[in-house]
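Chain order of the listed sequences is A and B.
The first sequence maps to residues 40 to 184 in our numbering.
The second sequence maps to residues 19 to 346 in our numbering.
Errors might be hidden in some of the hints.
[Claimed, not checked] Output of the computed footprint for chain B on chain A, the stretches with three or more beta carbons under 8 Å from beta carbons of chain B: (1) 43–52; (2) 79–88; (3) 117–126.
Rather than coming from a laboratory, the hints here were simulated on the basis of the structure.
Predicted, not measured: the structure shown is a model, and the values here were computed from it.
Just so you know, even glycine gets a beta-carbon here, dropped at the ideal spot from N, CA and C.
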Amino acid sequence: MSFEPRIVGILCNWCSYTGADLAGTSRMKYAPNVRVVRVMCSGRMDPTLVLKAFQEGADGVLLAGCHIGDCHYISGNLKTLRRIPLLKRVLVELGIEPERLRLEWVSASEGARYQGVVNEFVEQIRSLGPLDLEARRLPATASAS
Amino acid sequence: MANAKLKVGMYWAASCGGCDVALLDIHEKILDVVAVADLVFWPCAMDFKVHHVEAMPDKHIDVCFISGAVRNSENEHMVKLLRRKSKVLCAFGSCAHIGGIPGLANFWDRQSIFQTVYHASPSTENPKGTVPVERFKVAEGELTLPHLYDTVKTLGQTIDVDYFLPGCPPNPDQIAAVIGVIAAGKAPAKGSVVGASERAMCEECPRKKTELKFKSFKRRHLTHPDPEVCFMEQGIVCVGAATRSGCGWRCIGSNMPCRGCYGPLPSVHDQGAKMLSAIAACIDADTPDDVERILDTMPDPAGTFYRFGLPASMLRRRQRGQDGREAR
Chain A
40 MSFEPRIVGI
50 LCNWCSYTGA
60 DLAGTSRMKY
70 APNVRVVRVM
80 CSGRMDPTLV
90 LKAFQEGADG
100 VLLAGCHIGD
110 CHYISGNLKT
120 LRRIPLLKRV
130 LVELGIEPER
140 LRLEWVSASE
150 GARYQGVVNE
160 FVEQIRSLGP
170 LDLEARRLPA
180 TASAS
Chain B
19 MANAKLKVGM
29 YWAASCGGCD
39 VALLDIHEKI
49 LDVVAVADLV
59 FWPCAMDFKV
69 HHVEAMPDKH
79 IDVCFISGAV
89 RNSENEHMVK
99 LLRRKSKVLC
109 AFGSCAHIGG
119 IPGLANFWDR
129 QSIFQTVYHA
139 SPSTENPKGT
149 VPVERFKVAE
159 GELTLPHLYD
169 TVKTLGQTID
179 VDYFLPGCPP
189 NPDQIAAVIG
199 VIAAGKAPAK
209 GSVVGASERA
219 MCEECPRKKT
229 ELKFKSFKRR
239 HLTHPDPEVC
249 FMEQGIVCVG
259 AATRSGCGWR
269 CIGSNMPCRG
279 CYGPLPSVHD
289 QGAKMLSAIA
299 ACIDADTPDD
309 VERILDTMPD
319 PAGTFYRFGL
329 PASMLRRRQR
339 GQDGREAR
């Protein structure tokens, strides 16, 4: 069976979720692999949520928020801009490819951009293959070699 | 009254012995403990053997404290044995609670650890490539060593634990208080973290905070931090925001930043991720390039954020690559 990436998308309410909505209402076609979670601001995209998604079986995590300067809460996306690069460095040390996590800015009018980002990210994860954390995690008990 | 004394045991699994010393650090209060308790097993301090424990009837020990993580077959065998022999079992210290410093081994595995320790480290002189073997036949019989696991586990991931007493090591006042509470039969709900606060270190920290912002990370041993001012404002990583207080600010008071030994707050699922989130938000940069430049000044972020809690974190360890080898 061919590999279909499972991607968790966390989108901010004011820009990116509306942008994704626009892609939908404009009948744009794009890969169906992203399960979208709406949060109020990209500043709410806690690294814990990203780890949780990977832990629960996501092959990739897409975060999208307002462009820098456009944050509904003024500085929420700036915090995300600072957090995600650090989280990627930690992911490398935890043995998860940082390419599995992607941060994009998508405004409410950028339905076509959302379409492009999703298609591109799905292909990127497809080429990385499944995360398959269970198989990669070493057994903890005496049965370990 | 002699036979009404509480039977207390203390064991060390993958531990440095600091917890045993901390128990002695309750000073003359140890006499109060001995007044109400008989020490029936404490291999670090007194001459007890495994067969003494094996000979005990089940549930013979009233309260057993276990320090240390579980990282080899001997640790696992002993903690399972002690669980059977104990009525109340309390994880003692950071290693038993959340993995502790030995838990940092979860960034590696058995093979890479052996490679470093017995072959590659600059101080190793091992021309014959000798490594420990688990079974070895000599004239007198077979010698055995425990099996080292790939992954370090917390005590709670190995056996059923009644209480968790955090700290590296636990604060002696908290130890005395916890023993008092258990001896008085006023034990808290099973699974509780005892001898610690429900509030964050930052919340109780006396240092001055004005604006949390910094242009570069600084390492504690290369700086002279202002003892009155928040470490984070000085660019020194302090993980007090995601860490329970209750330790008595021994580090903060000695002008050392919090390193997280009391473990995550009750509402925090992953201490490292939460700390990463709090610290990164304070970076004084608004463009990706500037952020990367500042992050370059922080060595080993994962080891810093998961210094004590990697085995208890959401991912528990470094994952291997898809081919079964290291991902990096």
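Results of checking the hints against the structure:
Coverage of the region 43–52 of chain A by chain B is violated in this model, with 0 residues showing a Cβ closer than 8 Å to a Cβ of that chain against a need of three. Chain B is given as covering the region 79–88 of chain A, and this holds because 3 residues of the stretch bring a CB closer than 8 Å to a CB of that chain, at least three being needed. Figure legend: the region 117–126 of chain A, annotated as covered by chain B; annotation consistent (8 residues with Cβ-Cβ distances under 8 Å, at least 3 required).
Consistency with the previously given hints fails for number 1 only.
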